[in-house]
Every structure is written in C-alpha cells, then in structure tokens.
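The task is simple: from the sequences and hints, build the whole structure.
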Amino acid sequence: MPRKVTRRTVLKTSAAAAFTTALIPSVSWGAPSINIGSLTPNTGGGGPFGPKITSAHKLVVDRVNAAGGILGGRHIALYQENSETNPEAAIRAARKLVDVNKVAGILGTWSSSVTLGIMPLCQEAGVIQMCTSSSADIPKKDTKGYVFDFQALSPRWGKAIGDLALRRGYKSFSIMALNNDFTGSMVDGFVKRVTADGAKIVNKPFYYNGGQASYRAEVAKLIKGNPQAVFIPSYVTDFTAVYKELFRAGYEGKVITVSISTGSKFKKAVGEAANGILHGLPVPPLESPAYKFYLKMRGMKDTGGVQHPFGTAGMDQMSVLLMAMEKAKSDNGPVVAKHIREVTNPGGESVYDVVEGLKLIRAGKDVNYTGASSDVDFDDEGMIKGRFFQLWEIKDGRDVSIERVQS
Amino acid sequence: MLDYFVSIATFVGIYMILALALNMQWGKTGMVNFGIAGFFGLGAYTSGLLTVDAGWPFIGGVVAAAAMGFVFGAGVSLLSVRLRDDFLAIVTLGFAEIVRLVLLNEDWLTRGPRGLPIDVRPLSGLFDRSTYGYFYLGLVALAVIVVLFVAEKLARAPYGRVMKAIREDDVVTETLGKNVLFYRVQVFAVGSMFMGVAGALYAHYVQNISPEHFVPMVAIFIWMSVIVGGAGNNWGLLIGAGLVMVILEGTRFMGDFVTFLDAEKLSAIRIILIGVLLILIVRFRPQGILPEPKFRGPGVLSS
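One line per chain: the protein sequences are A and B, in this order.
Numbering-wise (the working numbering), the first sequence opens with residue 46 and increments by one.
Numbering-wise (the working numbering), the second sequence opens with residue 14 and increments by one.
Mixed in with the good hints, there may be bad ones.
So the derived list for chain A, only partly shown, Cβ under 7 Å to chain B, looks like this [unchecked claim]:
1) SER158
2) LEU161
3) ASP347
4) VAL351
Straight-line C-alpha distance at most 27 Å; calculated BS3-like pairs for lysine-lysine [as the list claims (entries may be wrong)]:
5) LYS372/A with LYS147/A
6) LYS237/A with LYS185/A
7) LYS404/A with LYS372/A
8) LYS185/A with LYS216/A
9) LYS341/A with LYS313/A
10) LYS278/B with LYS341/A
11) LYS307/B with LYS346/A
12) LYS147/A with LYS374/A
13) LYS383/A with LYS372/A
14) LYS310/A with LYS278/B
15) LYS278/B with LYS103/A
16) LYS278/B with LYS191/B
17) LYS166/B with LYS147/A
18) LYS341/A with LYS383/A
19) LYS430/A with LYS410/A
Computed footprint of chain A on chain B, listed as stretches where at least three residues anywhere in the stretch have a Cβ under 8 Å from a Cβ of chain A [as the list claims (entries may be wrong)]:
20) 63-77
21) 121-129
22) 278-288
Worth flagging that the hints you see were computed from the coordinates, not collected in a lab.
For each residue, glycine too, the CB sits at the ideal point set by N, CA and C.
Okay, structure coming up:
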C-alpha cells in the first residue's frame, strides 16, 4: 500500500509537473512562424562533428531571418535538439520536435541508426529528413520520398576508395571492417570495384566488434596470405588498437582506411608508425565559391585543407530546405519534399548563398543550388549524386594529398 | 502538444514495466540485475523477428517475448546460483553485453547493425496517427496495470515475505526451511519475463530497432527510477519512472526559452543538469520519494 504520501511529496510532485506543463504551451503559440528542427549528435560518438552542424543550421536561419524571412516575411523558428548519437534518445527528441514544435523538417541527423530510428515517425507525420548518414538502407526504407541524404552512401565510399587504391597499382587485398552500419556496408562497394578490375581478394572479408582491448586474432586472420594492401573501414577508437597489432605483426603491405580514423588523435597515439597509411574521405569542393562562402560566413581561414566536412553539409541542408519552401510556397513537409530537386538539380541559375537564391526564386527564376559540401544534386531516391573523394597518404606525420576523384 | 505527452507517457509506461520488474528482483528480493537492457532487447527482437519474418500476430510476438524473457531469466539466475550481490551484477551485465553482441553480429537473423524495421502494429489500420497514439498508450497502460497487480499480489502474499526475508538474510531463510534457490530463480524469471514484454511493446511502438537501442544506459535510467521512487515500493517507482522522464524530457524545453546560450552548449548543459538533479534527489531523499512500507508483524513479538 502507498504510505507516507505526505502533503510535501504531493506538493513537490505537482509543482514539478506544473512547472513542466507551464513551460510548454507558450512554445506552440505565437506568430505563425515556420518551424524547423535540427537534431545533431552533440554528444556521444558524433560529438566531434555535431556542434558544427548545429551552428551551421543556426547561421543560415539567422541570415535568412535578418533578410526578412521566407514565404512573405514569415519568421523561421529553429528548434535544436541533441541526438546524443543514440537512437533511443533521438526518438524522444524527434517526438518533441514533431509533436510540440510541429516542425516541417528534421535536419542534421548523422549516425545511420538515428536517421533510421526516427524515420517511421517522420514518414508517418509527413516530416522531411535531411541527413549525412551512409547506410544503404536509408533509400530502401524511405517509401514516401521525404528523406534527402547529403552524404554519399557507404558502398560509394568503398567504390571510390577502391578506385583510388587500384590506381596506386595494388592487385591483392584483404579486408576487415568494424561491425557498424556505416563501415560494414563500405566493404561491398570496395570488393565490387576492385574485383571488377581483376584484383584478388586474399581472405574473405569479415567484421570485427568495436571496443575490444586487443585485435590480435583478427589481424592475424587479415594478413594471412600476405596481401599487397589491407582495407580497414573503422572508427578512430578501434583503428588505433587494430593498427597497433598490424604494426607489431610486422605487416609490410599498404594499409588503407577512412580518414575519420586517422585524425590528429590517431597520429598522436601511434607517432611515426603512422607514416605510409593511405586514407580517403568525401570532401567539400575546396576551390568552389560555395566552400569559400561557408568559411567566410563562419569567419574561418582558408587553410587549403579540408575543414568541417559535416558543417558544410549543415549549411547546405538548411539553405536547400528554405529555398524549396519558397519555391513550393508552402511549409508543409510533403509538399516541400516534391520541390527540393527543383532548387538543387541542374537547370537554372547557379547559387550558393541562400539569401541570393531566395531573391531569385521570388523573382520567378529557376535556381540550381551548388553547395559547400558538394554540388547537391539528388537522384530519384533523394540520395546525393556526386561527391568528391580525396585520398591522402601520411608522410612525416602529416596528411599529404594524393588524388581526388568524383564518385 | 498533446500527441507529444501521449508519446512520452507511452515511454514512461514502458519504463514503469521495467522498473516494476527490477523492483521485484532487486527491491524486494535483493538480486542485482544490471542486465535490464539485455532482457529488454531480447524481448524486442523476439517479437520483432517473429512478427516480421514469421508473420506472427502482435499478440503472439508479445507472448513469445515474455516466454523468452522467462526462460533466459531462469537460465541466468541458475547460472549464477552461487553468486550474490556484486557477482550477480557482473553476470547480468555480461549477459546484456552478450545479447547486444549477438544481435549485432548474427546478421542472418537480426539484420545486424542495419536495424530491424517493424511495420506490424496491433489494429493499426483502424486509427489515424494521433488517435493511434492514444490507443497504444492504453495498451501500455493496461500492461503496466497487469504487471503492477501481479507485483503487488506477490509482495503482499506470504510469497512476498519470503522474498523480503531472502533479501535481508538468505541463510536465516534457508534455515527456516525455505528453498531459497527455487524462490530466487522464480522471481528472477518472472521479472525478466516482464522485461521481455516491455521490449516487445517498445519494438512495436518505435518500429525500428537496432542493437544501439539496447545499451547499458537504459538500465541506468531504470535503476534511477527505482532508486528515486523508493526501492521496494511499487507505487513509489511508478512516480520515479515518471520523474526521471520529466527530468530527461523537461530539460529539453530549456533550449526554447534560454536564448543567451547556443544549442551546442545547451545540449551539454542539459546532460549535466540531468545528473545534478538526480544527485540532489538522492542526497536529500535517499530513501526515495515513497519509501518501502515497514513490515509490521501481527504484534506477537512486541507484546
């Protein structure tokens, strides 16, 4: 039986409940603003990237609001949530964005499990999703055409890196990948690309689990038969441990991986041993005026190197959504989704500044948004078409650019 | 707005079932279970796979999830027959990790890291999106009532006094002729069964599950619910589960009002604030919001 329900406990609980309810109604009232949600990985595995996407979203919205908003002067209200890089937390955050803030779109999801996790809700509620997730399952599960992915899907990463590896003259490969949606599905693209050119896969590709203290058995299996090169799609935390084993085992072939694994943290951890590693990543078109515009907007210096690979996508997401709303003359998710390609795909005047683009659309002109992360052209499934991939080699502890391909 | 409350209430309901189950195992009987996420995930995947791949109806999936929870709960408690307290905690934590790794690696069955989309929902054709939220909330509420009823019945029956006796001193209980092992296995299995049911309800609600949903963080939330609400008191932990969710979700609305901090700082502050609030509750009300009622005997001893 419930005992000890004193006057105080009742008071405290009801005060807490009243406090939260009192907070909420004032959100949904107010001027008929246009509501947009941003759900970025500000903590957890995506922590290094999320805040840059968050602030890019905000910068674009502030610019447009300062220039008078969209759809005849309506103000844009941006609601920003943290996905914690965890689908369980992200679903609750998305519920708030959809059901309380009534957003037309949720932008900025990064991890595939988060993008896929909130997808049933968004599909049901008619909410546009713009993400930088690479799972090949994203287009399959988006049955209504509400999802627009600003990142190349993993198989394409694999294909591009495979392409770059072949051009370096390697003929036999061995592959192991972190068992995660992003890195796992990279393997297929890589294998397909290199075998098409007659290269040999020495050992059957396999997956390993993250968070292990040692990868001795996995590495032994990987380098059995002495392949000329090994491809290891991974995250930085596990790649450091894997590479240590490779080094200890005295492997002399080439090590190829993705650039997210070989950041400064990795180089610091392994020191000189890092020299010779090849790594690749989709990069912003560094010479493009859109990328330079992004740097200027943020007050950053152009170092000539790749900065903010995901922040640039954040600017593109928000710019595209706002321009598509103006084009559709609506802030209704499903309606706007149909007009996205009209502002991104070829045909029309090329723009990279959202304020400029909005002006042109209002003047009845066609526009083709060319972004800071890529040209931003979508195929029929809402996936990005062409992204540049760049290959680097680590020499003397620094990344030296080798080659860039479009894929 | 209301849709959001309905949705959050549904999550609270699922947390309540987990908390009631944990209370049965730990609060009443003293068996530490850190493997909540394991049983939760097991139930979710059992029901998800049976309905998606084998074409079972929703109710069949829930029953199967309960059965899986029961069987594995019994198994884990038997495995750790001679283990108590911290050792049992490690075994259950290990069990949860095994479940997560199996879900992650056995692609052929679970679809691995890509996650499992579940489109099967009970009576989904009958309602629109908003009304369906109420319907599902009703379903979860019904499950909470059933679990609460069973938990309360057990606690007040002589059975419940044996549970409590085992918690306080199992040697004395054994000496008094009770089969302690048998009770332990039963309680653990029944608690895990309810966790399996909670998993099934969760899976069909969110409709897309992946191993990342079932990380130890979930177990921590449930532990917080029980501790904050009052270990041993079923009613208290219902409030505890609600309060934990109010803290988790309420802090979200901070961002819509506080304008001097940007979103990236706020999201970090929110996580810190959740921690601070919980510490404050435990500091100023260590016995929980509703402490466990003291057992009063028939007065033989005192007279």
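Holds or violated: LYS307/B to LYS346/A, with C-alpha atoms at most 27 Å apart: Answer violated: LYS307/B to LYS346/A is near 68 Å, above 27 Å.
Pair hint outcome, LYS383/A versus LYS372/A [Cα-Cα no greater than 27 Å]: Given pair LYS383/A, LYS372/A holds - Cα atoms ~10 Å apart, limit 27 Å.
Hint status (Cβ of VAL351/A to nearest Cβ of chain B, threshold 7 Å): Not OK, violated: VAL351/A not within 7 Å of chain B, min 21 Å.
Pair hint outcome, LYS278/B versus LYS103/A [Cα-Cα no greater than 27 Å]: holds (13 Å)
Pair hint LYS372/A and LYS147/A, alpha-carbon separation not exceeding 27 Å: holds (21 Å)
Distance restraint between LYS237/A and LYS185/A, which requires alpha-carbon spacing of 27 Å or less: With a Cα-Cα distance of about 20 Å, the restraint between LYS237/A and LYS185/A holds, given a limit of 27 Å.
Restraint status (C-alpha distance of LYS185/A to LYS216/A at most 27 Å): violated (33 Å)
Satisfaction of hint between LYS372/A and LYS404/A, Cα-Cα up to 27 Å: Satisfied, since the Cα-Cα distance of roughly 11 Å is no more than 27 Å.
Coverage criterion applied to the region 278-288 of chain B (partner chain A; beta-carbon cut 8 Å; 3 residues): holds (count 5)
LEU161/A as an interface hint toward chain B, with CB separation required under 7 Å: holds (5 Å)
Within 8 Å of chain A (C-beta), three or more residues of the region 63-77 of chain B: With 0 residues close enough to chain A, the hint is violated.
Supplied contact hint for ASP347/A, tested at 7 Å Cβ to chain B: Nearest chain B Cβ about 23 Å off; hint violated.
Figure legend: structure checked against the earlier numbered hints; hints not met, in rising order: 3, 4, 8, 9, 11, 16, 17, 18, 20.
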